[in-house]
Amino acid sequence: MSVFDPKHETMPRAALEQVQLERLQALVARLKRNVRRYRDALGDRHVSSLADLAGLPLTQPEDLIQAFPYGMFALPLREVIRLHSTTGPEARQLVIGHTRNDLVNWGRLTARQFAAAGMTEHDVVQLCFEGGLIKGAAGYTLGAEMIEASIIPEDPYHIDYQLAMLRNYRVTVLITTPSNARDLMEVLRTRRLDPQSLQLRCVLLSRPVPASEREELKTGLFADVRCNFGVAEILNPGLCVECAEGRHHVNEDHFLPEIVDGELVVTTLCREAMPLLRYATRIAATLAADKCACGRTGVTLTPGTRLDGRLRVNEITLYAPQIAEVLSHTRASGTPFKLDIAERGITIGLKISDALFPDIMGDLVTLQQEVEREFATRLGIHAEVRYLEAYHFASSILPQGTCAPFATRP
Amino acid sequence: MLRVRNLRCGYGSLHVIRGLSLHVDAGEIVALIGANGAGKTSLLKALVGLIPPVGGEIRIDGRDATGEPPWRAIANGVALVPEGRQIFADMTVMENLEVGGYRNPDRALPIADVLERFPRLRERAAQLAGTLSGGEQQMLALGRALAARPRLVLLDEPSMGLAPLMVQEVFRTIRALKEQGVTVFLVEQNAVAALQVADRAYVLETGEVILEGEAADLLRNPEVKRAYLGKGYKEVWE
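Residue numbers (the working numbering), protein chains in the order written: chain A, 409 to 818; chain B, 9 to 246.
Calculated directly from the structure, the hints in this document are not laboratory data. Note that the coordinates shown come from a computational prediction; the quantities given were computed from them, not determined experimentally. Some hints could be false.
To be verified - Chain B side only, calculated, beta carbon under 10 Å to chain A, not exhaustive:
id: 1; residue: Arg-111
id: 2; residue: Pro-113
id: 3; residue: Asp-114
id: 4; residue: Arg-180
id: 5; residue: Thr-214
id: 6; residue: Asp-225
Unchecked claim - Chain B stretches covered by chain A per the calculated footprint, using a threshold of three residues with CB under 8 Å from any CB of chain A:
id: 7; region: 17-29
id: 8; region: 170-178
Even glycine gets a Cβ: it sits at the ideal position worked out from N, Cα and C.
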């Protein structure tokens, strides 16, 4: 498989560390000049070697929340040409800004992943993401345009239509979520369609999946399967390149990764609009610096679990407090509940009690519909409501909570 | 070819360069742009040993060249074309070129190359250098540096004081140098011209690099546009 930017992706470590030091020094100088929060935090500290990085202050997601919306920007808003909103701890909104160069670099970094997956200008690419992943889709589009592949953006809600497009346009690369890839595989299986009848050569998944699932998809879709790994606040896609050996090489000319107490911490070396110094990603990870057969010299990253309780339901990320918050907007407000979070939807068990419509079955159905509607409109996820007797709550190991009435919440 | 790490230098207690790192790979044109007083010329002087560094490291072809005297820089294949040309005005054009190549016993060859590259200098070989026009003097300063057959040429403000047509000529020459495999480190206030000719660039402000990257990317950078390319924003919003 080819390397999109051999100069930087296979740069000898000594040269790479020189580039990193130069960029880190420039970053610190720029942050001290342009971002008040960093100016206060950095004082007169100077970076004279990469080892000095460990002595610099961390940027926590909470800092981004406090600085929301534009307090972390290193440039005036008028010079920022794209804003991407994402969700931070406790479901608070975060915003990431991009300049023209940030978008150009995003395209280049994503193109590295595409080249590593063997994509060329001859490929026809179907990009199939739901609304929640539209920001990542923007990065994939930039990358595909960078390597001049033909890209077809599509939503995954009409799988028949998606399948027809895969056939009609002779799509060779599918970029999608693991859920959509599985749906597609199931449709092929249940309709007894031969996956080889599609022209798919490669499926690039939006996030890592277990090896067993990857193998299943490989067979089910008769295509090579690659997985992206990124962090929305840093870059997703574009943080890493998964090589043919299945290892995620960090694009170290743009990002300086560290592991602090098991947590992945990343410094953005080149970002113009909103550079982040030692951003604590709230993701457990390990880094390895051993040689890889693919020739890339960036350290390899093995992502672990989320450390902040972020959940993923049907590829939409959310936090448990958001669930309680949605419930507090319904007439189930104040009712103890327990959650069963599955990959495609959640099941909410509401504790049945005297207070909760004891007699009229119709009311229970109405409440059920109300809760389901609220989850669909507020979080975009499917929620199933069940009513449970009190004893379910005594022994359950599932997450539980009581949503306070909305008016009393801080 | 050139690796600078964390360089600090200045004049007495005044530190003009405050922990600067940069590199120039073989065959590249790398520009350093910055306003007056940013420390551009001081950096070049430190690179060729005209002012001693007080910290950091300069490596040429992997060899530590920190604090070496200027003559060692020439021996290392580094030649400086100083700001304001500084040709020997009372010597002829040919004598200037010979001085440039004096360390090289085979200097006749590079001098012949220089005269071929700059036909105007050939025409005026016997003329006193002080009588040349500004553009011709710049060519002579460049020719004098090339007579040492350097592998790395450091150019300090080559466009300064030249008419626009001559500036174009100077930058055409810089591009031609690259094609012949000469590595160029170009220090300029004329940011547009420098970024158009360079492969990569650094932006220096008060002795620190604040931006670096591909020259084409820096042309798009909002801060560069604002500070050097005349995109006139007065206030900065934070």
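Verification of the hints:
no.	hint	result
1	Arg-111	30 Å, violated
2	Pro-113	35 Å, violated
3	Asp-114	33 Å, violated
4	Arg-180	26 Å, violated
5	Thr-214	9 Å, holds
6	Asp-225	5 Å, holds
7	17-29	holds (count 4)
8	170-178	violated (count 0)
Hint violations for this structure: numbers 1, 2, 3, 4 and 8, all remaining hints satisfied.
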